[in-house]
Amino acid sequence: MGRTADGEAGPSAAERAVEAAARVGLTSQRIGAVLDRLGLTGAVLRVVPDDVVRAGTEGVDFADSLAYMRSRIELGVRLNVEGRDPEGVVPPDEYEETRDRLIEELAAVETPDGDPVFEAVEPRETYFEGPRAEEAVDIVTVPTAFDQFLTESLRGEQFGPPSEPQNHKLYGILSVTDATTETDPASATDALDAADPHIVDVAPTVLATMGVPADTRMDGEVLPPVADAGREAYPPYEPPTPTGPTDDGAVENRLRDLGYVE
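Numbering (full-length UniProt numbering), first residue to last: 1 to 262.
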C-alpha cells in the first residue's frame with residue numbers, strides 16, 4: 001500500500017504494475033506456472049522484491065469476485081457487495097442468500113486427508129456485536145484445531161506446505177498462585193477449573209491483584225483465588241499529543257513482515 005498525492009492510502013507502485021499486467025492477461029499465476037515448469041521459481045523469488053511478490057499473489061480481481069479474503073489473520077471472508085466494496089458484484093438484496101451458500105460450501109471443504117478444514121464457519125453476527133460489527137468479515141472461518149494456515153495468496157493450488165511450523169491454539173496454560181494455592185492446591189485448582197477461565201479473564205484478574213477495579217466495559221471476570229476489586233467507569237481514552245514525525249514506513253514494513261497488516 002502506498003500513498004496518494006494528498007497523503008491518503010493508495011496502491012503502491014508494485015501493486016499498480018501488477019494490476020496493469022493483469023489487465024492484459026499477464027497474471028502472477030500464469031507467470032508462476034511457467035517458472036515452475038522451468039524450475040526457476042526459487043531463483044526468481046530470491047531476487048524479486050517482497051512487495052512485488054505480495055502484490056502479485058494477493059491482488060483481487062474485484063470485478064470477477066463474489067468474495068475475497070483481505071488478510072489471513074482476519075480468519076474470515078468478505079463478500080464483494082455492490083456499493084460497499086471496490087467494484088462490488090453482489091447485490092445487497094442477494095447478500096444473505098450468497099453468504100449462506102458460501103458458508104455451506106466452506107463448511108464442506110476437506111483437507112487431502114479427508115478432515116474438515118474448518119471447525120466453525122459462521123456469519124459474523126455469531127461472534128461480533130456492537131456499533132462497528134459491520135467492519136468485521138462477513139463469514140468467520142475457524143480452522144479445525146488451528147492445524148491449517150489460511151492464506152490470501154493465489155498460487156494455483158488449494159493446499160500446500162505450511163508457511164510456518166506452528167500456529168496459535170484456542171487453549172493455553174493459566175497459572176494463578178497465592179497463599180491458598182500453597183496450603184490447599186487441590187481446592188484452588190478445582191475452584192479455577194470451575195470458573196472455566198478464558199483469556200478475557202486475565203486482564204481483570206491482574207488488575208484485581210493490584211487492587212485496581214476493572215472498567216465497567218471490560219469483558220471477563222476475576223478468577224479465584226484473587227479477590228474481586230469491583231468495577232469502575234473510567235473516562236474515555238484520550239490519545240497523547242503527537243511529539244513529532246515518525247518513520248511510519250519502517251513501522252508498516254515491520255508489521256507487514258509479522259503478518260499484522262497487508
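Each hint should be verified, as a subset may be incorrect.
[What the hints assert, rightly or not] List time: in silico EDC-like cross-link candidates among lysine to aspartate or glutamate, alpha-carbon distance up to 20 Å:
#1 LYS169 <-> ASP190
#2 LYS169 <-> GLU74
#3 LYS169 <-> GLU232
#4 LYS169 <-> GLU134
#5 LYS169 <-> GLU129
#6 LYS169 <-> GLU97
#7 LYS169 <-> ASP201
#8 LYS169 <-> GLU119
Note that these hints are calculated values from the structure, not bench results. Note that the structure is a prediction, hence the values are computed from the model and not measured.
Hints, verified against the model:
With a CA separation close to 23 Å, the supplied pair LYS169 and ASP190 exceeds the 20 Å bound. The suggested pairing of LYS169 with GLU74 holds, with an alpha-carbon distance near 15 Å, which does not exceed 20 Å. Only pairs whose Cα atoms come within 20 Å are accepted, and LYS169 paired with GLU232 is rejected, the gap being roughly 32 Å. Straight-line distance between C-alpha atoms of LYS169 and GLU134 comes to about 26 Å, which puts the hinted pair past the 20 Å bound.
Note on LYS169 and GLU129: the hinted pairing is violated, with a Cα-Cα distance of about 23 Å set against a maximum of 20 Å. A distance of roughly 32 Å separates the Cα atoms of LYS169 and GLU97; the hinted pair therefore is violated under the 20 Å criterion. Restraint check for LYS169 and ASP201: satisfied, since their Cα atoms lie roughly 17 Å apart, inside the 20 Å limit. Of the supplied pair hints, the one linking LYS169 and GLU119 holds, its CA atoms being roughly 13 Å apart against a limit of 20 Å.
The earlier numbered hints that this structure contradicts are 1, 3, 4, 5 and 6.
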